[in-house]
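Fit chain S to the given chain P structure using the hints.
One letter stands for each residue in the lines below.
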Amino acid sequence: MENPKFVYVTHINTSPEKLWTALTNPDFTQQYWGGRRVQSDWTTGASIKHQKADGAIELRGEVLQADPPRLLAYTFLSPPHEGSPVEKPTRVTFEISVAFGVTKLVVTHDGFEPGSRLFPEISNGWPAILSSLKTLLESGTALPFTWKC
Amino acid sequence: MNTSPKFIYVTLITTTPEKLWAALTSAEFTKQYWGGTAVESDWQVGSKVVFRWKGRIVHNDTVLKSEPPRLLSYSFHPLHIEELLSEPPSRVTFEIEEFTGKSARQGPVVKLTVTHEDFQAESKIFPMISKGWPDILSSLKTLLETGRAIEFEW
Chain P
1 MENPKFVYVT HINTSPEKLW TALTNPDFTQ QYWGGRRVQS DWTTGASIKH
51 QKADGAIELR GEVLQADPPR LLAYTFLSPP HEGSPVEKPT RVTFEISVAF
101 GVTKLVVTHD GFEPGSRLFP EISNGWPAIL SSLKTLLESG TALPFTWKC
Chain S
1 MNTSPKFIYV TLITTTPEKL WAALTSAEFT KQYWGGTAVE SDWQVGSKVV
51 FRWKGRIVHN DTVLKSEPPR LLSYSFHPLH IEELLSEPPS RVTFEIEEFT
101 GKSARQGPVV KLTVTHEDFQ AESKIFPMIS KGWPDILSSL KTLLETGRAI
151 EFEW
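First to last, the protein sequences are chains P and S.
Using the numbering used here, you'd call the opening residue of the first sequence number 1 and step up by one each time.
Using the numbering used here, you'd call the opening residue of the second sequence number 1 and step up by one each time.
Possibly wrong hints are sitting among the right ones.
[What the hints assert, rightly or not] Which residues of chain P face chain S? A few of them, derived with a C-beta cut under 8 Å, are:
hint: 1; residue: F6
hint: 2; residue: V9
hint: 3; residue: H11
hint: 4; residue: N13
hint: 5; residue: T14
hint: 6; residue: K49
hint: 7; residue: E95
hint: 8; residue: S97
hint: 9; residue: V102
hint: 10; residue: P127
hint: 11; residue: A128
hint: 12; residue: S131
hint: 13; residue: S132
hint: 14; residue: T135
hint: 15; residue: L143
[Said to hold, decoys possible] In the DSS-like style, the derived pairs of lysine-lysine whose C-alpha atoms are separated by at most 30 Å in a straight line are:
hint: 16; chain 1: P; residue 1: K52; chain 2: S; residue 2: K54
hint: 17; chain 1: P; residue 1: K88; chain 2: S; residue 2: K6
hint: 18; chain 1: S; residue 1: K124; chain 2: S; residue 2: K6
hint: 19; chain 1: S; residue 1: K54; chain 2: P; residue 2: K104
hint: 20; chain 1: P; residue 1: K49; chain 2: P; residue 2: K104
hint: 21; chain 1: S; residue 1: K65; chain 2: P; residue 2: K18
hint: 22; chain 1: S; residue 1: K6; chain 2: S; residue 2: K54
hint: 23; chain 1: S; residue 1: K124; chain 2: P; residue 2: K104
hint: 24; chain 1: P; residue 1: K88; chain 2: P; residue 2: K52
hint: 25; chain 1: S; residue 1: K31; chain 2: P; residue 2: K18
hint: 26; chain 1: S; residue 1: K111; chain 2: S; residue 2: K6
hint: 27; chain 1: P; residue 1: K5; chain 2: S; residue 2: K131
hint: 28; chain 1: S; residue 1: K54; chain 2: S; residue 2: K131
Quick caveat, the hints were computed from the structure, so don't treat them as lab data.
Glycine is no exception: its CB is placed at the ideal position from the N, C-alpha and C atoms.
Isolated chain P, as found in the complex:
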């Protein structure tokens, strides 16, 4: 059984700098990431946390690479679920470039163990988050939904 890996490519009518800000500023992430405030000082080795609208910390991680506005990578560690084995941290990487005169974003989420319980969840989650991010940057308003926490 192979280790699963999630890759998603989207083109956004914005600049790399604005996309970087949207990925790293909690006031932005709160709008398109199901209400999550993604917080870090974005230096290599710094801690990162995703805080839900109710204040609970959903996940923690560590910044692996931060090269604004081109490359951002961090570990992604979900809190243990009752009755499930603890999974090791995974890794999410954002690569930002320019193509077709707009900004190309490649999101790669890897480091999963075979049979990971988290993998199907993130495979559902990223398309929704990244669709809403694109809409926010292009229209000024995120997609009209919020996740129930």
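Structure of chain S alone, referenced to chain P:
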């Protein structure tokens, strides 16, 4: 082990299923977001699907499923690249649903799932479509949400 690759892409779009169906099936729409490709058919099962690109017919495929505005599937066999002609036709399917998921809805959001499968092992077409669909579907979303597509040319 089954090595036949499969491409799946999900995007959420602020639109209605009917408008998304029209965007997938109207040549005037597809020309705007599909790198200039006019996708032409009467969308009856068994009918031809013709892709016109730069004045040439680059696909002459067949409608496999057509249930507006929810489900569309057709065969996929590029004709304009010599080295790809020997590959058997693959199949692309578009599924359109109201997006609910774990969300509290405040407006119309439609979930589009594009599945492209039935490739031969070691297909040369598979890496091309894996790069192409995100371009096309990003531009489609932008067109439906802002009225203007992302212009790109392959």
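Each hint tested on the structure:
1. F6: violated (11 Å)
2. V9: Holds: closest Cβ of chain S sits about 4 Å from P:V9, inside 8 Å.
3. H11: Holds, because the Cβ-Cβ distance from P:H11 to chain S comes to roughly 4 Å (cut-off 8 Å).
4. N13: Where the cut-off is 8 Å and the nearest Cβ of chain S is about 6 Å from P:N13, the hint holds.
5. T14: At 11 Å from the nearest chain S Cβ, P:T14 fails the 8 Å test, so the hint is violated.
6. K49: For P:K49, the interface hint is violated, since the closest Cβ of chain S sits about 21 Å away, which is over 8 Å.
7. E95: Given a least distance of 13 Å, the restraint on P:E95 is violated.
8. S97: violated (13 Å)
9. V102: holds (5 Å)
10. P127: holds (4 Å)
11. A128: This interface hint holds because 6 Å falls under the 8 Å limit.
12. S131: The hint holds - P:S131 has a Cβ within 8 Å of chain S, the shortest such distance being about 4 Å.
13. S132: holds (7 Å)
14. T135: At 6 Å from the nearest chain S Cβ, P:T135 passes the 8 Å test, so the hint holds.
15. L143: holds (6 Å)
16. P:K52 x S:K54: Not OK: P:K52 and S:K54 at ~49 Å, beyond 30 Å, violated.
17. P:K88 x S:K6: holds (28 Å)
18. S:K124 x S:K6: Measuring from Cα to Cα gives roughly 13 Å; hence the hint holds.
19. S:K54 x P:K104: This hinted pair holds, its Cα atoms lying about 25 Å apart.
20. P:K49 x P:K104: The given pair, whose Cα atoms are some 25 Å apart, holds under the 30 Å limit.
21. S:K65 x P:K18: violated (41 Å)
22. S:K6 x S:K54: holds (28 Å)
23. S:K124 x P:K104: holds (24 Å)
24. P:K88 x P:K52: holds (22 Å)
25. S:K31 x P:K18: It holds: about 29 Å lies between the C-alpha atoms, which stays within 30 Å.
26. S:K111 x S:K6: holds (19 Å)
27. P:K5 x S:K131: holds (17 Å)
28. S:K54 x S:K131: The given pair, whose Cα atoms are some 20 Å apart, holds under the 30 Å limit.
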